[in-house]
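Spelled out, the chains give:
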Amino acid sequence: MSDRKPMDEEKLMGELRELKIRLAMANYAEIEGKALLEENDSLKKDDFYRLKKEIKAKFMKEFNRHYYKQRTKEFFNMCRKTFNKTAGILLIVIILISIPVFTVEAVRTKVLNFMLDIQDEYTQIRLQEKDSGNIVGNNLYINWEDAYVPKAIPEGYTVSSLTDNKNLKVIEYSNSDDSKIIFQQLSEGSSINIDTEDADKISKVTVQESEGMLVVKGDVVTVVWNNASYIFVLTVYKGGLSNEEVLDIAESVVLVK
Amino acid sequence: MLLILAAIEDENDRDFLSQLYEQYYPVMKKKAYAITHDYNVVDDLINDAFIKLIDKISILRSLDCCKRASYIVHTVRNISLNYVKRREANNKKRFLGKEDDVLDSLPDTAATAEDSYMRREESRELGEAISRLSERDRDLLYNKYNLELSNGEISELMDIPVDNIRQYLVLARRRALKILNEKDIE
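Chains as they are written, first to last, in numbering that gives the first Met the number 0: chain U, 0 to 256; chain L, 0 to 185.
You may find that some hints are simply not true.
Said to hold, decoys possible - Under the rule of at most 30 Å between Cα atoms (straight-line distance), these lysine-lysine pairs were calculated in the DSSO-like manner:
| no. | chain 1 | residue 1 | chain 2 | residue 2 |
| --- | --- | --- | --- | --- |
| 1 | U | 237 | U | 200 |
| 2 | U | 55 | L | 177 |
| 3 | U | 57 | U | 44 |
| 4 | U | 68 | L | 84 |
What the hints assert, rightly or not - Where chain U lies over chain L, by a calculated footprint (3+ residues, C-beta under 8 Å):
| no. | stretch |
| --- | --- |
| 5 | 18-30 |
| 6 | 47-53 |
| 7 | 61-72 |
| 8 | 79-86 |
| 9 | 136-147 |
| 10 | 152-160 |
To be verified - Examples of chain L residues lying across from chain U (beta carbon under 7 Å, computed):
| no. | residue |
| --- | --- |
| 11 | 13 |
| 12 | 39 |
| 13 | 42 |
| 14 | 179 |
Rather than coming from a laboratory, the hints here were simulated on the basis of the structure.
Heads up, the beta-carbon is just placed ideally off N, CA and C, and yes, glycines get one too.
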């Protein structure tokens with residue numbers, strides 16, 4: 000049962016009386032304010048009432064201190080309130096988005112396409128998810144599960160180092176001129192930083208039908224690309240190779256079965 | 000981006016209040032002195048009033064210049080009254096404001112256009128009717144309706160027990176309505 004009485008005359012008269020007083024007080028403020036403004040204008044001509052610089056400076060100092068203190072407090076209160084609301088909404092949105100993303104394979108592959116996080120000084124590249132386990136063994140020909148290798152290594156280069164970690168496989172080639180070709184294969188959950196600060200050239204390239212990036216900085220050429228499961232980084236140090244030749248090496252990368 | 004916008008808004012508000020301080024300083028000084036009779040504290044009281052007004056920026060922005068001047072001066076006045084009360088508690092002296100009633104110098108508000116004449120005249124009459132109230136009733140109603148102070152704040156400011164504020168307001172409203180109704184009959 001509602002207590003509302005929309006046509007209760009007594010109540011309406013009460014509201015009318017209240018409004019009348021409010022209106023009268025507002026009008027009183029206006030009349031008074033007009034008189035105050037006139038008085039203020041005439042006082043301005045009196046040197047005694049004129050605002051002195053040092054008084055204004057003192058006011059500003061004290062006022063600013065309180066003003067920013069109060070505003071900062073208000074801002075943090077607002078942030079806290081907003082955060083509490085937003086956090087709940089965001090959590091629901093994240094859960095709703097996550098369900099299809101991590102259950103549909105096509106979406107998952109797309110999401111896991113490598114993420115380029117370009118910073119001022121470097122570019123971070125990473126893949127996420129998937130629990131990978133590898134067999135350790137520093138032998139190019141044995142026990143590397145899902146290992147990729149470049150086939151078109153220029154003449155004169157030999158394998159000088161092999162690394163097979165959980166998320167990273169590295170094959171390092173070098174020649175007699177101390178030039179190096181380093182091929183890295185990174186799996187999900189790992190990341191690598193490419194030095195792109197002040198690079199001479201950073202361009203988009205296509206390697207093995209995937210979008211990649213070519214970075215030239217001095218005598219170091221780096222190509223980065225990916226497939227559904229791995230990021231590949233091919234770096235040539237002092238190789239004297241053209242960008243096209245480096246891209247040819249990248250194109251020659253094949254899965255060792 | 001939000002931070003930048005907030006900072007810009009902050010700067011605008013800060014400038015707005017400091018301009019008001021500059022603009023109304025003379026009359027604030029005079030009104031504060033009329034209550035305290037002490038020029039040594041007047042500037043500090045004006046500063047305190049403006050610190051209090053930081054929370055009222057949106058209200059101040061919404062008012063026209065006349066109402067804004069009234070609002071600011073009443074805030075200064077209340078701060079000054081509070082100061083005097085505290086001082087009295089220490090000194091057992093009482094100073095009464097001599098010049099805090101500006102109603103003697105109320106200007107005549109002339110109508111500027113035929114179509115707004117009636118409304119303006121009615122507004123003026125309503126406002127002037129309030130000036131016929133006692134100073135205590137007027138202050139009570141001003142603090143309640145224009146400054147929107149709580150009963151507790153009014154009680155502290157006007158030395159009225161908080162339990163009696165409601166009753167005082169009822170009586171002040173009744174007296175105000177009586178005058179307003181007399182105007183209606185006239």
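Failing hints, ascending? Going through the list in order, the structure violates hints 2, 8, 10 and 12 and respects the others.
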